[in-house]
Amino acid sequence: MNIGQFLSIFISAVFIYNVILSRFLGLCSFIAISKETKPALAMSLAVMFVTTMSSVITWFIYRFLLVPFNLTYLRTISFILVIAAFVQFVEMVIRKISPPMYRFFGIYLPLITVNCAVLGVAVLNVDMFFVNGKAVAGSFWYSAFQGICVGLGYTLAMLLMSGIRERLELCEVPEAVKDFPWALLSRQ
Amino acid sequence: MEILTAILTLGALGAIFGVGLAIASKKFAVHIDPRLEKIQGLLPGSNCGTCGGAGCFGFAESVLSGKLPVDACRVSEDEVKEQIAKLLGKKIEKKVKKTALLHCHGGNKRVKDKFNYSGIEDCVAANLVLQGPEACVFGCIGFGTCARACPFGAITMNEEELPVVNIDKCTACGKCVAACPKFLFSLAPVTKTYAVRCKSRDMGKAVMEVCAVGCIACGKCEKACPTGAMKIIDNLAVIDYHICDNRGECFRVCPVNTIAKKENKDWSSVR
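Residue numbers (numbering that gives the first Met the number 0), protein chains in the order written: chain A, 0 to 187; chain B, 0 to 270.
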């Protein structure tokens, strides 16, 4: 575990292998909510929270359940299960504890449950920080940090895209490619 | 054997999460007003947002908390509105239909011209040139911008180059109010019979020099009105339609025929 490793995780997750711009994960929510900057930012914050937490939880599941029982081939289904249950739980808690926050995050949370970026981070962590079925030294911290960084990368892409799309609202666009086709074109 | 561990592990995970979520949903249950769902069931569900709420759910929430009136939904039928009102134990206030009312009846016969205008035949354009070709800077220019703005065809221009509002067709949408560069339109209840058809805030002498029917702020109507609805504000007679009850004293005393009486759904009649 050293600082250089963290730095390289940061740079690769945010810039080089950006979850949206380079890995093409989580495009659904990216296209759907990038129309204005404010909701885009809210969504990004929610995603960052969920990627971080799911990185942590899936690390525990993988390290203490799947690896000892030799069940690593079950990682996709068990990760999905964990993430979905976790997001559901968070939604309930937020709804009870803080209604304003629920109104802020609430509509995005169900979208995040099925966001492949979240599963992508979990799988990526396992691929990167487990060698031959064994956890690399400090892999827990690497995983958690990668969760944050992927969320940051998502935020970066969301902000860029929403900025572009807010400008595009004022442009003259041919009728045939208005809205989503144009958004898809402009992200190229 | 391996299959068994796989099944057991996943099964256990699923069971734990299932039970956990079930307990959590009990523990973190939020009390939701059952009326909210009922109101939402009554609404059209088109989420148009014209009520001022964020979609039909937002409307239901706002109605429950009293932020929006019960009958704010523009799409629902009256029956549905009454059902919502009943659900909340409130009553719908009957609204009086309104109509557009032009506060000028100068026209080209009674108002003098300041100059000959030969530009674009549009009030907004004409208003940019020395505030229009009419001698009265408050009055109707008469190029029919309001008639073109009306989406219901309720406004036509008459031979005096004044817009005439067809009260049956008018829906009080307010497009003409926004379109007129002289701000001559207002929305008045259709039940009122008398109207001040002038917007000039000039002193009496200045008005008389340019217009035969402009308000000279003599104050006779204010004195004659038994209800106190008529007030002279900034050299102009103004009727408060909340108070006015159609007695018509102002109409009878006005020396310059500024105040008009509605006859056969037409505001244009002068004593």
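No lab work stands behind these hints, which were simulated from the structure alone.
Among the hints, erroneous ones may be present.
[Stated by the list, open to error] Derived DSSO-like pairs: lysine-lysine, alpha-carbon spacing no greater than 30 angstroms straight-line:
no.: 1; chain 1: A; residue 1: Lys95; chain 2: B; residue 2: Lys66
no.: 2; chain 1: B; residue 1: Lys25; chain 2: A; residue 2: Lys95
no.: 3; chain 1: B; residue 1: Lys222; chain 2: A; residue 2: Lys95
no.: 4; chain 1: A; residue 1: Lys34; chain 2: B; residue 2: Lys66
no.: 5; chain 1: B; residue 1: Lys26; chain 2: A; residue 2: Lys95
no.: 6; chain 1: A; residue 1: Lys37; chain 2: B; residue 2: Lys111
no.: 7; chain 1: B; residue 1: Lys26; chain 2: A; residue 2: Lys177
no.: 8; chain 1: B; residue 1: Lys261; chain 2: B; residue 2: Lys111
From a predicted model like this one, the values you see are computed outputs, not experimental measurements.
Do the hints match the structure? See the list:
1. Between Lys95 of chain A and Lys66 of chain B the CA atoms are separated by roughly 23 angstroms; this keeps the pair inside 30 angstroms, and the hint holds.
2. Only pairs whose Cα atoms come within 30 angstroms are accepted, and Lys25 of chain B paired with Lys95 of chain A is accepted, the gap being roughly 11 angstroms.
3. With a C-alpha separation of about 63 angstroms, the suggested pairing of Lys222 of chain B with Lys95 of chain A is violated against the 30 angstroms cut-off.
4. Between the alpha carbons of Lys34 of chain A and Lys66 of chain B the distance comes to roughly 28 angstroms, so the proposed pair stays at or under 30 angstroms and holds.
5. Restraint check for Lys26 of chain B and Lys95 of chain A: satisfied, since their Cα atoms lie roughly 9 angstroms apart, inside the 30 angstroms limit.
6. Taking the CA atoms of Lys37 of chain A and Lys111 of chain B, the gap is about 56 angstroms. The hint is violated against a cut of 30 angstroms.
7. Restraint check for Lys26 of chain B and Lys177 of chain A: not satisfied, since their Cα atoms lie roughly 46 angstroms apart, outside the 30 angstroms limit.
8. As the CA atoms of Lys261 of chain B and Lys111 of chain B are separated by approximately 25 angstroms, the hinted pair is consistent with the 30 angstroms bound.
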